[in-house]
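J.: Residues per chain, in single letters:
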Amino acid sequence: MAEASPVPVLELSGIVKTFPGTRALDGVRLELHAGEVTALIGENGAGKSTVVKCLTGIYQPDEGEIRLDGTPVRFDTPQAAAAAGVTAIHQETVLFDDLTVAENIFLGHAPKTRFGLIDRAAMRRRAAAILKGIGAEIDPDVLLKDLGIASKHLVAISRALSIDARVVIMDEPTAALSHKEIEELYELVEELKRQGKAILFISHKFDEIFRIADRYTVFRDGQFVGQGHMYDTTEADLVRMMVGRSVEQIFPKRAPRIGEEVLRVAGYCHPTEFEDIGFGLRKGEILGFYGLVGAGRSEFMQALIGLTRPSKGVVKMGDKVLAIRSPAEAIEAGIVYVPEDRGRQGAITQLPIFQNVTLPSLGRTSRNGFLRMAEEFKLAREYTQRLDLRAASLDTPVGALSGGNQQKVVIAKWLATKPRVIILDEPTKGIDIGSKAAVHDFMSELAAEGLSVIMVSSEIPEILGMSDRVIVMREGRIAAELAGEALSPETLVRHAAGISAAEAA
Amino acid sequence: MSLADPDMAPVPRNIPDRLGTPAAKILKSWEALLLLVAVAVFILNSFASPYFLDAWSLSDATFNFTEKAMIAFAMALLIISGEIDLSVASIIALASTAMGLVMEAGGGTGLIVAAGLATGLLCGAFNGVLVTRLGLPSIVVTIGTMSLFRGLSYIVLGDGAFRGYPAGLAWFGQGYVFWVITVEMVIFVLLALAFGVLLHKTNFGRQVYAIGNNPTAALFSGIRVARVKMILFLMTGLMSGLAAVCLTSRLGSTRPSIASGMELEVVTMVVLGGVSILGGSGSIPGVVIAAVLMGLVTFGLGLLNVPGIVMSIFIGCMLIGVIAVPRLAAKLRRA
Chain A
1 MAEASPVPVL ELSGIVKTFP GTRALDGVRL ELHAGEVTAL IGENGAGKST
51 VVKCLTGIYQ PDEGEIRLDG TPVRFDTPQA AAAAGVTAIH QETVLFDDLT
101 VAENIFLGHA PKTRFGLIDR AAMRRRAAAI LKGIGAEIDP DVLLKDLGIA
151 SKHLVAISRA LSIDARVVIM DEPTAALSHK EIEELYELVE ELKRQGKAIL
201 FISHKFDEIF RIADRYTVFR DGQFVGQGHM YDTTEADLVR MMVGRSVEQI
251 FPKRAPRIGE EVLRVAGYCH PTEFEDIGFG LRKGEILGFY GLVGAGRSEF
301 MQALIGLTRP SKGVVKMGDK VLAIRSPAEA IEAGIVYVPE DRGRQGAITQ
351 LPIFQNVTLP SLGRTSRNGF LRMAEEFKLA REYTQRLDLR AASLDTPVGA
401 LSGGNQQKVV IAKWLATKPR VIILDEPTKG IDIGSKAAVH DFMSELAAEG
451 LSVIMVSSEI PEILGMSDRV IVMREGRIAA ELAGEALSPE TLVRHAAGIS
501 AAEAA
Chain B
1 MSLADPDMAP VPRNIPDRLG TPAAKILKSW EALLLLVAVA VFILNSFASP
51 YFLDAWSLSD ATFNFTEKAM IAFAMALLII SGEIDLSVAS IIALASTAMG
101 LVMEAGGGTG LIVAAGLATG LLCGAFNGVL VTRLGLPSIV VTIGTMSLFR
151 GLSYIVLGDG AFRGYPAGLA WFGQGYVFWV ITVEMVIFVL LALAFGVLLH
201 KTNFGRQVYA IGNNPTAALF SGIRVARVKM ILFLMTGLMS GLAAVCLTSR
251 LGSTRPSIAS GMELEVVTMV VLGGVSILGG SGSIPGVVIA AVLMGLVTFG
301 LGLLNVPGIV MSIFIGCMLI GVIAVPRLAA KLRRA
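Those sequence lines, one after another, are chains A and B. Numbering of the first sequence is given in the numbering used here, commencing with residue 1 and proceeding in unit increments. Numbering of the second sequence is given in the numbering used here, commencing with residue 1 and proceeding in unit increments.
Check each hint, because a few of them may be wrong.
What the hints assert, rightly or not - Beta-carbon label-pair distances, calculated as ranges:
(1) B:ARG327 to A:ASN368: 32 to 42 Å
(2) B:LYS201 to A:ASP214: 50 to 60 Å
(3) B:PHE314 to A:VAL293: 54 to 64 Å
(4) B:GLY321 to A:CYS269: 55 to 65 Å
(5) A:HIS179 to B:GLY321: 52 to 62 Å
(6) B:ILE309 to A:ASP141: 44 to 54 Å
(7) A:THR71 to B:HIS200: 45 to 55 Å
(8) B:PRO16 to A:GLY363: 20 to 30 Å
(9) A:ARG23 to B:VAL177: 23 to 33 Å
Stated by the list, open to error - Here are the simulated DSSO-like pairs of lysine-lysine, each with C-alpha atoms no more than 27 Å apart in a straight line:
(10) A:LYS205 to A:LYS193
(11) A:LYS378 to B:LYS201
(12) A:LYS378 to B:LYS25
Claimed, not checked - With the Cβ distance kept under 8 Å, some of the chain A side facing chain B (calculated, not the full set):
(13) ARG344
(14) GLN355
(15) LEU362
(16) PHE377
(17) LEU394
Hints listed in this document are in silico derivations from the structure and should not be mistaken for laboratory results. Glycine included, each C-beta is placed from N, C-alpha and C at the ideal position.
Here chain A stands alone, though its shape is the one from the complex (with noise of 0.2 Å):
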């Protein structure tokens, strides 16, 4: 069954990247092959960013050997890897909302006139000729900002393009992307597959790993484990690899005890954002918000803790009607959000994890308002320790931890402010499997001792998996509220995309 390898395009080995505290790339190896997809796969903290920025210049290995055509190189910098023809389409890749599509493809790299001025017609013809070439109806000359975040992945993906790649890195390129923006994907990486460009693919999904990778490379904890073709696996051999056990069963059991009403919403109104929002949430509960990007889940909740105002409704928790007009008088009523965005809404990155969690409590870690730095750790420690966090230590910044690590520093800032609510959107997007789980088990381990749970996603299993109840939103508007025997995936994707049942039949 060996097929004589040739040499593959990019070689890494024995690559050893360490930080303060960690060692985040422990001897790994890597090979791309030409006109190939390879898949690599790790959870979060694997060490798969690392490698990226390895790849790329941004960080340079401490041990270890990088060969193009078997020729060991050194990429400095990031401009040496692009100059060696290695780029990569990030998970937040960065471009330039104030510039044209056609600028942000050639910055750094536009073509000039014999002046040395930016030659702006060529520019354009060359920009849209790349466009055109993976078939995207883009204008060249359009505003970055005005364009959709698909698009602006197939800006990404030219801007790639444009420095006339080998190797072509794509990290979780689809994570923002609709179902037929994906598809358009996979035909691009076929096409650049045609062109014999090697292509690194990294992402959490097993269903695009098996629909578009040749080769996979797995690593685990900074290690690598194993690596092959894709048609000599399985999805179980490869989840196996990447966690060391055996996966089983994704979802936690649980026999929900539902008890009494804990918050009611009635005709909840934004200007432009939501309409009639109303419902009831009771103790010990998980409800479930599906739709669509754009449903106006997230306003809906944004206005619930007094991010937004809403232009009528009434909450009411208990007997009481709550006037919430801040986030801070949202948690003194026992309600909280744990937002999306990580990164932006959730983490303060930069610092450290104890003093992340104890954010929103601190005026029950405190005396008089003077910090208590003792009380601070127990208090970080007892709720990192429950959802299961990795880290060196307390002290460490969130931001040196991997994606899956930093939502389990968000949830344990939230719930350690001991709320009655919590609303958690997207709670699992963009982390790997076992911090799923951890966060899966977490959730109904919170419903089981009595703490209500609103859970915004938008991944069917998910919703499935945990709700017990799921009310469907469509363009700011409750579609439709589901239990039992009338919640399937098709039930949801129809009230979600509003599509009738005698359509769908």
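Starting from the known structure of chain A, arrange chain B on it as the hints suggest.
T.: The following block gives chain B in isolation, referenced to the frame of chain A:
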């Protein structure tokens, strides 16, 4: 992989509170480096001039930094929170003018001091409302109020000056508590302690850091961001008012050009003290050492009869140098 399954449940990992000892952290800190530089300057000064190592001349030298440092402490918190106040020197001018007006109207020392402090507080409130209520950027607001406040002072005084403050007022800027220890020195030390405790030991201080690092996440975390910033502007205004009282007392007169350019010296002091101009980090001990360091350098150069303009060149170079050296060192280590 249900973690609720007892066989699979992982043993909770014990995460240590900290790595390394606090002492090791202090040794590697910015403050330690600054202190080293300050000691070096002190030694150089004592060799450079025979008049340096004298209790009375050292006491005189403290006036180089005490008034600026009063404002710098509040400014440090403001800059850490991600805002800035460039109007502080103009607040001094307006506060001093208000003091003069009260004196002309026959007010005693108590009323004069109260007028200075109240004017400072009002100016701070004006800046704070514009920034926190209207959401304007503080750098623009305070460049505007910098002209506005001093402009008002010029309208009142023109080419003239207020003189003839009551003898009681002289205590603030010319008084001694004990031997060579001036009243201003005592105020400096007390404020250093108060602001140090406020920033490093209270919930309020923690919230200042949180806001400076990520105002959005701070808001989501239930911090009343606008209120914290408003308090910081009020404090900066009040400290400018206090500096106006001390400076007016020391000079014994008010001209509209009083404290010209002091805002940049205050900001220099704060940044030299290790406060990130982008917000989010810095410490009061750093600002204290930076204040003393700047005082030492100014005094040392003064003893050597170096003209004022050369002094400001020197201070500017020192600022860039002290900030650039650690970065250069880090670069060299990597290469």
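J.: It remains to establish, for every hint, whether it holds in the given structure.
T.: Now for the hints, and whether the structure bears them out:
Between ARG327 (chain B) and ASN368 (chain A) the beta carbons are some 41 Å apart, a value that agrees with the proposed interval 32 to 42 Å. At about 58 Å, the beta-carbon gap between LYS201 (chain B) and ASP214 (chain A) stays in the expected band of 50 to 60 Å. Restraint check, PHE314 (chain B) to VAL293 (chain A): a C-beta distance of roughly 58 Å satisfies the suggested window 54 to 64 Å. For the pair GLY321 (chain B) and CYS269 (chain A), the supplied restraint of 55 to 65 Å holds, since their beta-carbon distance comes to about 59 Å.
Between HIS179 (chain A) and GLY321 (chain B), the C-beta spacing of about 57 Å keeps the proposed range 52 to 62 Å intact. Distance hint for ILE309 (chain B) and ASP141 (chain A): a CB-CB separation of about 52 Å, consistent with the stated range 44 to 54 Å. In this structure, THR71 (chain A) and HIS200 (chain B) meet the distance hint of 45 to 55 Å, their C-beta atoms being roughly 54 Å apart. Taking the beta carbon of each, PRO16 (chain B) and GLY363 (chain A) are about 26 Å apart, inside 20 to 30 Å as hinted.
A beta carbon spacing of about 57 Å between ARG23 (chain A) and VAL177 (chain B) contradicts the range 23 to 33 Å that was offered as a hint. Our distance criterion of 27 Å between C-alpha atoms is met by LYS205 (chain A) and LYS193 (chain A), whose separation comes to about 20 Å. At roughly 17 Å between alpha-carbon atoms, LYS378 (chain A) and LYS201 (chain B) fall within 27 Å of each other, so this suggested pair holds. For the proposed pair LYS378 (chain A) and LYS25 (chain B), the alpha carbon gap of about 22 Å is at most 27 Å, so the pair holds.
Taking 8 Å as the C-beta cut-off, the interface hint given for ARG344 (chain A) holds, the closest approach to chain B being about 6 Å. Interface restraint check for GLN355 (chain A): the shortest CB-CB distance to chain B comes to about 7 Å, inside 8 Å, so the restraint holds. Given the 8 Å rule on beta carbons, the hint for LEU362 (chain A) holds: about 4 Å separates it from the nearest Cβ of chain B. The beta carbon of PHE377 (chain A) comes within 5 Å of a beta carbon in chain B, closer than 8 Å, and the hint placing it at the interface holds.
The interface hint given for LEU394 (chain A) is met, as the beta carbon of that residue sits about 5 Å from the closest beta carbon of chain B, less than 8 Å.
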